[in-house]
Amino acid sequence: MTKPWLHKFIVLWVCILSPWAGANTLRVAYDADPVSLDPYEQLSGGSLQLAHLLYDPLIRWTTEQNFEGRLAISWQRLDARTVRFNLRQKVQFSSGNPMTALDVKWSLQRAKASPDFKGIFQPISHARVIDAYTLDLITEQPYALLENLATQLFVMDSLYYQGFDAHQKAKDAVEKHGNSYASEHASGSGPFSVTHRQQGTLLELQRRSAYWDHASNGNVEYIKLTPIHDSATRSAALLAGDLDLIAPVPPIDHYRINKHPDMRLYTRTGARLISLQMNQQTRPELRDVRVRQAIIHAINNKGIASKIMRGFATPAGQQSPPGYVGHLPSLTPRYDLALAQKLMQQAGYGNGFRLTMIAPNNRYVNDAKIAQAVVIMLAKINIQVDLVTMTKAQYWLKYDQGRADLMMLGWHSDTEDSANFSELLAMCRNPESGYGRYNGGHYCNAEVDRLVSASAKQTDATKRAQMLQQVEQILYQDAAFVPLHWQHLAWGSSKNINIGKVLTVMNIPYLADLVVSQP
Amino acid sequence: MSLGASLLHRLAMSGLILLLVAMLSYWVLGLISPNQPSEFGLAQYLLQVSSGNLGQSQFYHRPNLQVILQALPATFELALITCALVIAAVLPLGLYTAIAPQHKLARSIMAVSLLGISLPVFLTGSLMVYFFAVELNWLPTFGRGETVAIGPWQSGLLSVSGWQHIMLPAITLSLALLPLFLRLLRAELLQVMHSNPVRLAQAMGVSPWRIWLSYGLRNATLPMITMAGLQFGTLVAYTIVAESLFQWPGAGSLFMQAINRGDGPLVAAYLIIVAAIFLLISAFTDLACGLLNPHLAPWHASNGNTHGS
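Same order as they appear, the protein sequences are chains A and H.
Letter 343 of the first sequence, counting from 1, is numbered 343 in this note's numbering, and no numbers are missing.
Letter 121 of the second sequence, counting from 1, is numbered 121 in this note's numbering, and no numbers are missing.
Note that these hints are calculated values from the structure, not bench results.
Be aware that a few hints might be false.
Stretch-level coverage of chain A by chain H, calculated; a stretch enters the list once three of its residues show a Cβ under 8 Å from a Cβ in chain H [what the hints assert, rightly or not]:
1) 226-233
2) 238-252
The calculated label-pair distances, taken between Cβ atoms and stated as ranges, are [what the hints assert, rightly or not]:
3) Thr282/A x Ser50/H: 39 to 47 Å
4) Ser51/H x Lys169/A: 23 to 31 Å
5) Arg128/A x Ser51/H: 54 to 62 Å
6) Gln384/A x Leu24/H: 58 to 66 Å
7) Leu11/H x Thr391/A: 37 to 45 Å
8) Gly303/A x Met13/H: 51 to 59 Å
9) Trp153/H x Asn179/A: 21 to 29 Å
10) Arg128/A x Trp153/H: 52 to 60 Å
11) Asn137/H x Thr282/A: 49 to 57 Å
12) Leu136/H x Gln473/A: 39 to 47 Å
13) Gln198/A x Leu11/H: 31 to 39 Å
To be clear about the criterion: a stretch of chain H counts as covered by chain A if any three or more of its residues have a C-beta under 8 Å from a C-beta of chain A, and this derived list gives those stretches [claimed, not checked]:
14) 181-190
15) 259-268
All residues carry an ideal CB built from backbone N, CA and C; glycine is no exception.
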């Protein structure tokens with residue numbers, strides 16, 4: 001009696017799994033698992049990538065950085081404060097409920113109640129439902145970037161999240177790091193739905209037959225997403241043919257994947273700025289602009305980009321990467337050791353001083369190595385740095401508390417626009433408005449605040465760009481922070497996948513539109 | 001000391017050790033998750049743990065015990081196959097290197113085994129992946145493959161893909177553990193073979209195979225079991241490395257991820273559970289040794305004086 005049941009098990013299992021064999025299954029590995037199925041729980045790249053699979057935004061960025069209607073088929077500005085959206089009809093959520101303007105209004109309210117997203121949606125005051133498929137978004141003040149915000153407005157199924165769950169908690173609750181209903185149950189209008197989820201191990205998605213976008217040529221039927229934390233394992237699994245797509249690819253593996261006849265490496269310049277914040281609150285020395293300039297001039301960020309990052313980063317002299325409206329080509333990296341030493345002497349710190357520094361060791365590419373290089377570079381202007389690196393889970397708490405004199409920070413603009421950098425990293429800290437939320441240096445300049453606030457209301461693109469470029473110029477002169485580099489992006493895949501065709505500059509792949517060519 | 005008293009003594013010692021581990025866990029908990037409420041004191045934590053409540057994971061939002069128990073089958077199966085591989089390899093290799101200690105092949109086996117001890121697991125593992133998965137494409141690189149549910153137990157040993165997936169991590173682990181056992185078995189066998197009873201048996205014309213198996217191996221069993229009990233700790237440490245390397249969804253990789261995510265309660269619970277398993281295993285090995293050789297058992301009459309004092 002031992003063999004037959006075993007046999008049955010295997011047969012049963014083969015039957016269950018056979019659909020996988022024929023249809024196009026995309027086996028993907030990222031470095032981490034999306035924390036939640038709720039698009040409004042955690043503001044992170046991983047959450048956004050998943051949100052585009054399970055939900056649809058009103059509009060989205062194309063790979064060429066233009067806007068493209070998704071749940072909105074068209075939109076027009078009615079006045080300085082109002083944009084009208086005409087919604088797509090006959091769109092079904094995965095629960096079967098139809099999508100209407102009420103769902104959009106409800107989703108906006110939910111986003112505005114989320115601790116992570118309320119800052120982003122702050123400019124929008126409310127939504128006005130005109131009819132089932134027409135809706136106005138109204139801003140507090142004239143606002144230039146409403147379309148950028150609409151790319152983050154993922155529409156959720158309002159009827160599905162009504163009522164209470166088994167724990168007597170409201171199903172629509174947004175709870176950060178909590179076990180809310182929405183974090184484990186998803187009903188969106190997106191191209192895929194969840195068929196199986198074992199958090200931290202596996203996420204399986206299946207293309208919805210009822211998805212509205214019939215124009216898409218995408219041919220991926222199933223997605224198997226496995227988080228693989230160890231980058232060497234991730235690369236090896238791709239090279240061994242166990243995976244079809246991986247990200248990120250560490251610089252050390254680029255060459256191997258690139259030269260492999262069956263593999264493809266896709267890289268592009270990225271827009272994530274890696275910087276150091278100089279804490280003016282903990283250290284009076286850092287309030288002296290000459291000292292801050294000396295630190296910037298002592299750090300060879302070109303060397304970091306070429307040696308530590310192996311050329312897989314663009315050395316930065318400002319916040320805005322090339323292509324952003326605020327980018328000023330004249331603000332280049334400033335490494336000059338002799339000048340740095342002179343500045344220290346002028347400031348009266350020729351003999352140097354000690355600083356504490358913290359950096360994460362598993363958040364940005366080579367973060368801990370970069371921090372160690374900075375320690376050595378600053379020793380040359382007699383600044384002794386006591387460095388502590390830690391995992392990202394511990395890091396953000398320390399960062400929020402402003403526990404060190406130098407702190408590493410990476411930032412990708414939430415709106416793909418220069419102003420977002422300044423709003424969160426350079427404006428004076430204001431707990432009420434949320435401005436300066438990640439300004440770990442406590443740098444504060446009224447002129448910067450004035451220009452950034454004015455740029456939000458300026459709807460003339462040329463004038464707005466001038467304002468934001470002026471901001472960059474001021475931050476450069478004031479040495480508000482240490483710009484290191486903009487991190488590049490790298491994806492590895494099998495040859496029959498060209499991820500570059502569906503990848504946005506925010507590093508979001510539209511996997512529903514991915515065409516896997518048959519070998 | 002009687003059997004009962006000996007068990008009681010053992011239980012008390014185990015309790016004490018668990019208490020110390022729980023205190024250590026509390027300290028680790030504060031280290032990893034510094035934002036714990038300050039009123040959550042040591043006494044409260046110990047009380048909670050002693051009632052079987054190991055707290056709740058900050059990442060999974062489920063009881064730690066449940067999270068770890070769910071991951072344990074994967075680790076258990078990996079450990080099981082590793083042990084099977086070690087035993088399957090150590091018996092013939094040990095016998096051979098003891099029978100023909102001067103032979104070139106036996107010498108090279110011992111030399112390679114030295115390499116096995118000195119190479120760290122992550123290096124052997126990476127090399128295995130490189131050769132058998134990337135270059136030869138024989139075996140998969142990560143994960144458990146298909147699993148079959150037998151009640152709450154997710155088993156990977158009932159599918160072809162499951163066996164394919166377990167090979168690389170299991171071989172990697174057994175390569176790390178094998179040398180120690182091989183050297184021990186060889187040394188024990190060589191020692192036994194030069195003892196008087198064996199010489200007598202040889203003189204009496206008992207067949208060599210009978211001598212090897214029934215005198216040699218039987219006498220070597222005891223130190224092997226003791227060693228196995230002691231090496232369990234090493235196995236636990238190695239599984240953490242191997243599971244992380246092969247993305248094996250077991251308790252070891254769970255532990256590593258918990259550290260990376262700063263999930264203090266889960267890390268603390270893992271420490272306590274591993275300590276409990278360790279105590280259980282060491283109790284079993286002592287019991288097995290006592291049964292095999294009553295002279296060593298603490299409840300044996302002649303051991304009463306020395307042990308009790």
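Report the numbers of all earlier hints that the structure fails to satisfy, in ascending order.
6, 12 and 14
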